[in-house]
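Chains as they are written, first to last, in my numbering: chain U, 9 to 673; chain B, 9 to 673.
Among the hints, a few may not be true.
Repeated chains share a single entry, so a pair holds when one copy, or any two copies, can fit it.
To be verified - Within a straight-line C-alpha distance of at most 30 Å, the following computed DSS-like cross-link-like pairs (lysine-lysine) qualify:
1. K591 to K80
2. K165 to K492
3. K204 to K306
4. K403 to K339
5. K390 to K483
6. K358 to K44
7. K325 to K144
8. K586 to K40
9. K157 to K586
10. K390 to K139
11. K128 to K388
12. K189 to K403
13. K165 to K591
14. K586 to K646
15. K313 to K204
16. K162 to K591
17. K657 to K524
18. K657 to K323
No lab work stands behind these hints: they were computed from the structure.
Below are the chains, spelled out letter by letter.
Number of protein chains: 2
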Amino acid sequence: MLSYSRLLRSGRNFHTSIQSLQHSGSFVFPNKELTKTKFIFDKNTHTVEQITNNANSFENSNIVINGWLEKKPKKIGKNLIFATLRDTNGDTIQLVDSESLLKYRNVEDVVQIRGKLSAKRKAASSNGNVKEYEIKLSDINVLNSSNEKPAQLKDQKLSGIYPPEYRVLQLRLPSQQLLLKRKNEVSKLLRNLLDKENFVEIETPTLFKPTPEGAREFLVPTRSGKFYALTQSPQQYKQMLIAGGVTRYFQLARCFRDEDMRKDRQPEFTQLDLEMGFANGEDIMYLIQNLICETWSKFAPLSNKQLMTLNNSGKLKDVNSGSDIYRMTYKEAMTKYGIDKPDLRAPNLKIMSLREFNIHSYQNLDFPIFEVIIIRNAVKSKEDYNNHWARLLQKDDYSNRVPIGVPILSDADQTNWFNSFSEVATFENPILLNKSLRLQKGDVIFGSSRESDSSIFENPTPLGRLRQLILNTPKGQELFYETKNDVATWVVDFPLFSPVVSENKKMTNYPEYENKLCSTHHPFTMVKLDDYDNLREHPLQVRGQHYDFVMNGVELGGGSTRVHDPELQDFIFENILKISNAKELFGHLLEALAMGAPPHAGFAIGFERMCAMLFGRESIRDVLAFPKSVSGVDLVVKSPAFVEQDVLKPYNIQYIPSKKNSEAN
Amino acid sequence: MLSYSRLLRSGRNFHTSIQSLQHSGSFVFPNKELTKTKFIFDKNTHTVEQITNNANSFENSNIVINGWLEKKPKKIGKNLIFATLRDTNGDTIQLVDSESLLKYRNVEDVVQIRGKLSAKRKAASSNGNVKEYEIKLSDINVLNSSNEKPAQLKDQKLSGIYPPEYRVLQLRLPSQQLLLKRKNEVSKLLRNLLDKENFVEIETPTLFKPTPEGAREFLVPTRSGKFYALTQSPQQYKQMLIAGGVTRYFQLARCFRDEDMRKDRQPEFTQLDLEMGFANGEDIMYLIQNLICETWSKFAPLSNKQLMTLNNSGKLKDVNSGSDIYRMTYKEAMTKYGIDKPDLRAPNLKIMSLREFNIHSYQNLDFPIFEVIIIRNAVKSKEDYNNHWARLLQKDDYSNRVPIGVPILSDADQTNWFNSFSEVATFENPILLNKSLRLQKGDVIFGSSRESDSSIFENPTPLGRLRQLILNTPKGQELFYETKNDVATWVVDFPLFSPVVSENKKMTNYPEYENKLCSTHHPFTMVKLDDYDNLREHPLQVRGQHYDFVMNGVELGGGSTRVHDPELQDFIFENILKISNAKELFGHLLEALAMGAPPHAGFAIGFERMCAMLFGRESIRDVLAFPKSVSGVDLVVKSPAFVEQDVLKPYNIQYIPSKKNSEAN
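Take these sequences, add in the hints, and give me the full structure.
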């Protein structure tokens, strides 16, 4: 093997940098000896773990390790340089160089080092009686040197937070490597579990047909002048697979959505997608809760967590088997928690309707329920209230009306607090109410209105939204979280249909509904058989066989029993949803159902979202190798990008002409 | 459970059909009793395999089986109907109905049947002494009836070939289900093998940056007015993963190419994609040949095949371990077989250069080699020659010149055959040549020219193309195939660069090269160290560290040792390939390499192509659930499709106005 060290002692500077390449006029052909040595290296190498686990046998042996220089080598004395090597597993070991091999080396140079393992002198050891080791360097092969960027970003290495352009450097952090490896372990576990249940992994196309109604999708121009659309999910293909005789399908499917990327979303993401034939939602829920239970059982402890749920009394309990997982109805979720995906780590932060006190809201007769959240012993002063609670009542944080909040700070407040709600509701018997609520000084009461129990479509309700905001604050979490564990629940019995919310509202405080229905989840969801009779005349009253899996206030996944009856499916498309071009959009599905498709049901879980939650990470970006920014930009490769007009020509499209576009052409 | 049978006996016709839905004026709300029964069925069911394997214990027990009616039930007598049920595994069993339960049933109705298992009367059994079973039907639940399409397509069910629109019906064939299941088994095996070697499966983005140079890619408009492009492969992302500290990466990655879809291609397909850090091509080849060997070992016998290769003498031999697989140089492939992906099932159908006889081609001085293929004892008459061989010499089948063919039918032919080649080459000493070639009556000799051994860029050569065409005919296979097995080889030592072929040719018979180079495989491939010195002055003479895996004349996959030195990579981009906007296109990669990226190498295999070959299928369409047509159309869902102009507006694009487009808007 060529010795790099001799070249080094000649004092040449081998740092490469993009800037110098960019500024050099005529190219310097890369020094061939140097370049060639980068490609010649030993294959039989050791790792730090290997040698420290068997230190006795390795002591004083020749060691060869691949890795990076974790920090800039430090000159200790005239002929002594210390450095830290980080190997391919992320483990580090000290290098001791008395031959000036490291003289010109920099942080994040990638090297193959040779040396002898020796125990550190006891004084140098930081770990008391435990032996620590170092390697006395005898040779180094610089496989590639690094430019100065890692040196400039050394603070970022400590914090772990890098500018997005330097994702490649960030990926080298052992914590990042661990996330990628663990995500791989999760997918392995899921595949094994599904394989044991005889699920077959089948790929479905992502180049699909445009369906302009519904969530915004990405289009793909073709040279025929027509467009594909990127699938938002394999929904229709998987139903056709079942119609085609596949009994148990799954896929870790790439899905694409062109949505506004607020709230931790990516334009492309992976779903664990599955479907079963000759089955219904019960079979799916049974399978999914067991999958989640096993996955949490294996991985959550690594983040010091475990899976919990609610018992029938609404109290937290451990999940020991999938069947423990609570099934909350939509009605319970909306009336107690104000949202269809409640964060149950705070199971006692609940909303209370004042209907039993005969108190109603009169502001909008479609929203007759008046409800409150009471926070006990939460404020010391008006200032305290303003600092911690009033700021959760900003209009910008609410789609519709903002709840009214009343801190109870005086005796007068205790008796007359309800006057603050007089614009929203009438209070006939406040004395009885006060006896029941027993508000104390230091409490805060928030109130707002909502639709009646059996027709709650505004989701979240204002108090549900407030509850979300409360639990998003450190103080709210401190006051109300009863566990650091992950708390799961099913949410079932959703209304099958929802009224379409009007874009043009006269009153900005209340949603206004058009005389048009949309599917609460999607049009392929079956109605609950008990409600079937109402389907034709009272569609807003029927519940669907849909089930969402909610954890910590996040919808991890959802699914439903499907409508495998083509007549019923078409009735839903055309008569209830009034989709005029249903045959054009869904003809292939209706045809598949009409040729003897068996009953089927399915589910999809956001795979990254599940992994992020499992690993205790805030964002799905943390479990993606190359996440995009909140506006869909890949800051590493600089996509998306403009293309020349003539690149578009074969697709029969062109830019819409404007002043702005002239820079693109 | 509701009994469907009573409803049936009332004589109602439950066939559904899209046509009737389309023609019905006002909708009939689906009969609720009927509809509801479709959703109520038993979960504890049996399979045919289960009951026939344990027939003794099941005999005379109550059986419940889900499945489809394989054929239209047949009325045998006044109160006797026979039918065949096909269960979810594709196994069939006879149903005997003496209660008119099947009276209105049709082929491909999906049902849940109940009955008692009984042995067929010996006379009715077709299998001699082996007991056959049937089920005496006691009840049937019609989970979904089928329209008349399956009845209309009953011949197609026998042949297995359906119109593409009826892919869903075709998928129900046990043979199709088997292909999907086996493909799943292959992916399971590959994942297990790679997992054992510590490879981590990591997802990379498919929404990438447009790179107008290179193969045509699909663009994705965004609302910013910029475009993503769909990745053709994870190449650059995986190199950045290695730069980011991942040591062993793999992915079953979805790739997209907007190419002309001749020759069995799909706009989207899956690659088994992998990359190793601190490694080079040798490590990759070692891994891949073992993967292929194990995969073939497990699956090829199911199609009565096994894996073979060539030994060093060019003879077929069995592959017992990955290291057996032959390594053919590009030069050997081009000189002996005329193509860089030779079909070695015919190892003795070889091309012979006549250079040693001092015979040269003078037509084009850059193509000085004259070479021949001799087929022995192949024709009886001129008519025979015209029927079987002359038709392989059609201009349409060749990019450039067509070989000249001479059947040896007379004594004169035996002596003077070379005169037919006088326009291409001069024959100085035909007598010596004839002594050596010893052509006999009945032989055919084909001849053409090619570039000299060390600069063969025309690929395939004309004789290489002819050889391909010969082996595409039944007669050619009969004459030259020496095995029905799969024959694999590596092909290595490709030229790193190729001259760009001019689009405007003056002579249509020879390729013309521009004064511009392109990468033979891709620009990230490293030069062989032995040739490094020629890189600057004689780039066309350097060989690359690229390796293709070829089987049965198909390139299954390829890979290379990468250029991890950023200066060298940039030199290749800018100085050799003269890519002027290299920093814009590849800046992210150069930056990643410049921050201490280790040496790395990788590989990608066409996963569907590999499965198709493994299962003995002609086309990758056979191993895809929903393949597209040769022009990229999904005939099931009818994509791609036109979209309204206003759908395009948010993406800042519009159709190019023309008469044609008015129909789209």
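Hint check:
1. K591 to K80: Answer is between; shortest inter-copy Cα gap is 28 Å, intra-copy 66 Å.
2. K165 to K492: within (28 Å within a copy, 58 Å between copies)
3. K204 to K306: For K204 and K306, both the intra-copy (17 Å) and inter-copy (20 Å) Cα distances are at most 30 Å.
4. K403 to K339: Within one copy only: 26 Å inside, 74 Å across.
5. K390 to K483: within (17 Å within a copy, 96 Å between copies)
6. K358 to K44: neither (69 Å within a copy, 38 Å between copies)
7. K325 to K144: neither (55 Å within a copy, 50 Å between copies)
8. K586 to K40: Between copies only: 21 Å across chains, 71 Å inside a chain, cut-off 30 Å.
9. K157 to K586: between (58 Å within a copy, 27 Å between copies)
10. K390 to K139: neither (60 Å within a copy, 89 Å between copies)
11. K128 to K388: neither (58 Å within a copy, 87 Å between copies)
12. K189 to K403: Close neither inside one copy (43 Å) nor across copies (55 Å); limit 30 Å.
13. K165 to K591: between (56 Å within a copy, 26 Å between copies)
14. K586 to K646: between (42 Å within a copy, 22 Å between copies)
15. K313 to K204: Both, since 26 Å and 29 Å are each at most 30 Å.
16. K162 to K591: between (60 Å within a copy, 26 Å between copies)
17. K657 to K524: Cα proximity of K657 and K524: across copies only (26 Å, versus 40 Å in one copy).
18. K657 to K323: Classified as neither: same-chain Cα gap 63 Å, cross-chain 52 Å, threshold 30 Å.
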